[in-house]
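Visitor: Given only the sequences and the hints, what does the whole structure look like? Please build it.
Number of protein chains: 6
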Amino acid sequence: MKARCVREEMAYTGEELRSLWIYRTFDLEGDAIAWFAGPCEVSGEHLVDQVDAAANDHIKAARMMHFIIEHFDGDLNHAILRQRLLVCMAGEVLGGEVAGLRRVGDDLFVGEKKLSVSIATVSPVSNLIHFAVNIDPTGAPVRACGLEELGVDPWRFAERLAAAYVGEAERMAKARCTIRGVP
Amino acid sequence: MKARCVREEMAYTGEELRSLWIYRTFDLEGDAIAWFAGPCEVSGEHLVDQVDAAANDHIKAARMMHFIIEHFDGDLNHAILRQRLLVCMAGEVLGGEVAGLRRVGDDLFVGEKKLSVSIATVSPVSNLIHFAVNIDPTGAPVRACGLEELGVDPWRFAERLAAAYVGEAERMAKARCTIRGVP
Amino acid sequence: MKARCVREEMAYTGEELRSLWIYRTFDLEGDAIAWFAGPCEVSGEHLVDQVDAAANDHIKAARMMHFIIEHFDGDLNHAILRQRLLVCMAGEVLGGEVAGLRRVGDDLFVGEKKLSVSIATVSPVSNLIHFAVNIDPTGAPVRACGLEELGVDPWRFAERLAAAYVGEAERMAKARCTIRGVP
Amino acid sequence: MKARCVREEMAYTGEELRSLWIYRTFDLEGDAIAWFAGPCEVSGEHLVDQVDAAANDHIKAARMMHFIIEHFDGDLNHAILRQRLLVCMAGEVLGGEVAGLRRVGDDLFVGEKKLSVSIATVSPVSNLIHFAVNIDPTGAPVRACGLEELGVDPWRFAERLAAAYVGEAERMAKARCTIRGVP
Amino acid sequence: MKARCVREEMAYTGEELRSLWIYRTFDLEGDAIAWFAGPCEVSGEHLVDQVDAAANDHIKAARMMHFIIEHFDGDLNHAILRQRLLVCMAGEVLGGEVAGLRRVGDDLFVGEKKLSVSIATVSPVSNLIHFAVNIDPTGAPVRACGLEELGVDPWRFAERLAAAYVGEAERMAKARCTIRGVP
Amino acid sequence: MKARCVREEMAYTGEELRSLWIYRTFDLEGDAIAWFAGPCEVSGEHLVDQVDAAANDHIKAARMMHFIIEHFDGDLNHAILRQRLLVCMAGEVLGGEVAGLRRVGDDLFVGEKKLSVSIATVSPVSNLIHFAVNIDPTGAPVRACGLEELGVDPWRFAERLAAAYVGEAERMAKARCTIRGVP
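Protein chains in written order, with the working numbering: chain A, 1 to 183; chain B, 1 to 183; chain C, 1 to 183; chain D, 1 to 183; chain E, 1 to 183; chain F, 1 to 183.
Keep in mind that a hint or two might mislead.
Identical copies look the same in the list; a pair holds intra-copy or inter-copy alike.
[To be verified] Listed next, the in silico DSS-like pairs over lysine-lysine satisfying Cα-Cα at most 27 Å (straight line): (1) 114 / 60; (2) 113 / 60; (3) 113 / 2; (4) 174 / 114.
Quick caveat, the hints were computed from the structure, so don't treat them as lab data.
Guide: What follows is the structure in structure tokens.
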């Protein structure tokens with residue numbers, strides 16, 4: 001699994017969550033995690049979660065650290081499990097630095113303030129996850145906070161989370177190959 | 001998904017990790033998590049992880065809190081993802097109470113001492129997970145610690161972890177049904 | 001599995017057979033069956049069965065009782081099996097009331113007159129079934145009959161079929177969890 | 001899909017429900033339905049349904065018409081759907097001849113008397129179904145009736161059911177190949 | 001599996017690689033291989049391989065023998081395996097006639113000259129393969145050769161390859177049904 | 001995918017075709033191909049192909065080059081496709097050296113003499129292939145020939161085939177990740 005930090009600022013609009021976007025955009029072949037910072041605004045037809053879409057909701061923040069993950073295997077249940085695991089791991093990475101951090105499903109909160117957004121889905125050829133953590137939550141439609149005010153270096157956080165996720169993926173792939181079935 | 005706390009002391013030998021054992025033993029139908037306390041000794045042919053089996057390793061502790069989980073769907077990758085998520089969640093539940101707790105793959109450690117064991121596998125009809133946390137680690141073949149010495153009430157911990165896991169399973173099942181695919 | 005009777009008259013054009021339409025339209029989350037009465041006209045690009053499409057065929061009736069079913073699991077073979085089971089069950093429900101009723105694949109006939117239409121397919125995230133029984137077959141491109149002339153109350157029929165289908169789905173889900181594999 | 005009527009009397013003990021038994025016993029290659037008449041007695045470890053096994057239940061009748069079906073594809077959900085469809089179709093075949101016939105899940109009843117038994121399961125390489133209809137129910141552990149007392153020719157019934165099932169399997173396989181997906 | 005030789009000259013643009021195109025165009029139902037001769041020009045959005053698309057590459061030749069294959073089962077890995085097998089078999093068919101033929105992945109070469117192009121993919125309901133062998137390579141963006149200059153009758157070659165592929169598919173389907181699983 | 005040449009002489013009896021045998025025997029983790037030379041005798045319950053088993057057939061040769069392959073993914077159709085591809089590739093490797101070589105399904109022949117045996121199957125956790133080429137065919141139950149009399153160095157052949165298979169597996173895995181789906 002490849003990991004790529006993209007230093008140029010990029011906006012996330014939801015259109016990026018499609019098969020092979022990572023490959024076409026960053027030339028990363030195969031299972032990959034890429035991350036970049038930039039504004040976030042997802043609405044209307046680009047919303048993948050139909051709970052948001054049905055509520056005419058939108059996702060917005062002035063600046064977030066975005067993670068896009070693509071795995072070329074698995075069904076929607078794999079995608080959702082991988083997403084939850086990723087958000088748990090984000091909690092593990094941030095836990096030591098941020099007081100009052102808690103995870104609720106695929107969201108991180110600090111107290112009552114939302115720190116992150118996430119969606120997992122499938123394309124015809126892959127599993128896809130978008131996970132983004134506010135750096136500056138300005139514009140968010142709910143009470144939110146960001147890494148900036150929490151004093152967390154977003155790039156260092158991203159680097160650690162990506163390394164942890166890649167490591168976990170490799171350990172799971174390895175474990176997969178030493179387990180026998182049971183009756 | 002059903003949850004059942006079993007108050008009678010039971011030993012875990014590895015034979016319990018088979019399809020429909022929860023149903024036959026506790027009369028729990030469908031996806032379920034059951035937990036009980038008791039000694040642990042798994043060796044030889046009952047080892048599911050062939051890394052352990054190849055090393056003539058064994059798993060042992062005087063008393064552990066055992067969790068057995070069965071999901072009637074999914075492949076081995078689902079089983080492993082569910083297991084990692086469970087162990088992460090055990091970390092979330094214990095994190096506030098236990099200083100120096102860390103997760104490495106499917107293991108919890110306190111400092112250099114191992115707190116837990118776990119395996120995930122498949123049967124012909126289901127996903128299966130065994131996760132066990134030392135209460136009293138006496139007899140463990142590696143440096144280990146237990147909930148007792150950490151001052152954690154094992155039954156309260158188990159109750160909280162099981163509730164969190166069931167809640168997560170339900171949230172994921174719900175999320176599964178409001179997500180559209182992407183191109 | 002949820003069931004919802006929609007009392008307002010709605011037309012069926014084929015566009016309704018898409019993932020999460022039930023959720024977006026009726027706010028029913030998860031596996032569901034919804035039914036409503038209204039005219040039916042499906043043609044051209046909205047035809048899912050390419051036998052019809054290739055023949056420049058169309059589906060039409062002045063008023064039908066429409067059932068839309070979505071299951072958030074399964075492949076196309078599951079969808080087709082579920083559809084056949086549903087049509088069999090419609091036959092069981094109507095059998096006592098309608099003389100000369102017979103099922104041929106996914107169609108019901110009374111003598112030589114066609115009583116129903118049906119299609120099963122997959123979306124990127126689900127199984128989908130449309131099944132519709134003529135109330136007033138006026139406009140149908142083949143010899144057809146309807147519940148009205150047969151003296152069957154369409155709402156009572158729909159209620160009974162939906163209840164039977166939901167019950168069957170639940171019994172099957174339960175059976176799934178008490179069966180062991182064989183060598 | 002092949003169909004084979006076996007005229008020699010054979011007992012069914014549950015051991016027959018295993019992969020490739022039809023091939024090894026009757027030299028029928030590929031998806032197949034085979035039927036034969038004989039006594040039935042299934043108990044203990046040969047019970048596939050753990051509800052029966054847990055209850056120390058057994059299945060018994062002096063003489064039944066047995067159907068064994070194997071499909072070399074599909075998961076346990078396909079097996080169960082195919083089984084329900086088969087039992088529905090048995091109802092369609094018998095419906096005209098037997099008053100008071102009704103289906104409840106995978107069982108046929110005449111009034112309160114049980115007419116049939118059935119199980120569906122998976123082997124490592126296939127879907128398997130056993131369906132058996134009492135000819136002479138003597139020895140059954142519940143109130144039961146048989147085709148003999150109902151005046152139904154068991155061989156003619158079996159022939160018709162098998163032909164209907166094979167026809168349905170072929171129609172479904174054909175339908176599978178003319179359906180497009182939807183968004 | 002059905003095979004159809006189409007004698008009318010047809011161009012291949014990439015749009016033909018979609019589910020049920022064979023059925024709609026040639027009225028062939030079910031798993032099928034169809035072949036025809038004609039010019040080839042695939043570019044831009046019709047490229048399925050994103051390596052080509054990313055490189056702004058295109059596929060072109062004055063006249064090729066085109067094979068379109070659709071199987072109504074399988075995932076993308078099945079599609080790719082089937083494609084490699086097909087290309088191997090093309091090598092087997094041509095091997096006796098063409099000196100210096102070699103296969104590299106899904107391509108055939110004669111010395112350093114490219115003889116063929118191929119892609120395998122999935123639709124929502126099927127596996128799809130396009131394989132085409134140059135008859136007259138004029139216009140190809142790389143060094144290429146064609147059957148014409150090699151003195152190979154393209155129609156006879158196509159007939160032999162299609163027959164071999166259909167035979168192999170049937171032998172594999174048959175083998176599938178006589179194999180037991182192992183522990 | 002790992003490759004391992006085992007220089008010590010070992011017999012093949014059929015028992016070796018089980019999940020994780022490569023790992024336990026050669027300490028090779030993950031997808032792997034291992035090869036070794038030795039006598040072959042498979043009969044009775046160790047036969048995986050029930051055509052052989054039903055015919056009371058057996059597989060025997062004084063010395064063969066054995067390949068055991070395990071992939072930790074895929075169903076029985078993947079296993080069979082991989083096997084056919086492997087046998088094709090053995091043909092490609094041997095083709096230049098051996099006159100009159102031809103492939104029929106999963107067998108290689110030289111003229112009318114059988115050169116190889118092969119089986120593909122599934123375990124609860126993996127795909128498995130055994131492919132063996134006679135070095136000295138003495139004892140074979142059919143007319144057979146061997147690499148020795150053909151003047152082919154079995155170790156060099158094995159090395160080339162294994163390298164080709166590993167290369168193909170890697171190219172396919174890479175191709176898997178640059179292909180988009182089609183409608």
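Visitor: All hints are to be evaluated individually against the structure, with a verdict given for each.
Guide: Here is how each hint holds up against the structure:
1. Taking the closest pair of Cα atoms, residue 114 and residue 60 come within 27 Å of each other only inside a single copy of the chain (12 Å); across copies the shortest separation is 42 Å, beyond that limit.
2. Proximity of residue 113 and residue 60 under a CA criterion of 27 Å is satisfied intra-copy only: 14 Å inside one chain copy versus 44 Å between copies.
3. Taking the closest pair of Cα atoms, residue 113 and residue 2 never come within 27 Å of each other, the shortest separation being 32 Å inside a single copy and 32 Å across copies.
4. Taking the shortest Cα distances, residue 174 and residue 114 sit within 27 Å of each other only across copies (21 Å), while inside one copy they are farther apart (35 Å).
Against the hints set out earlier in the document, a violation occurs for number 3 only.
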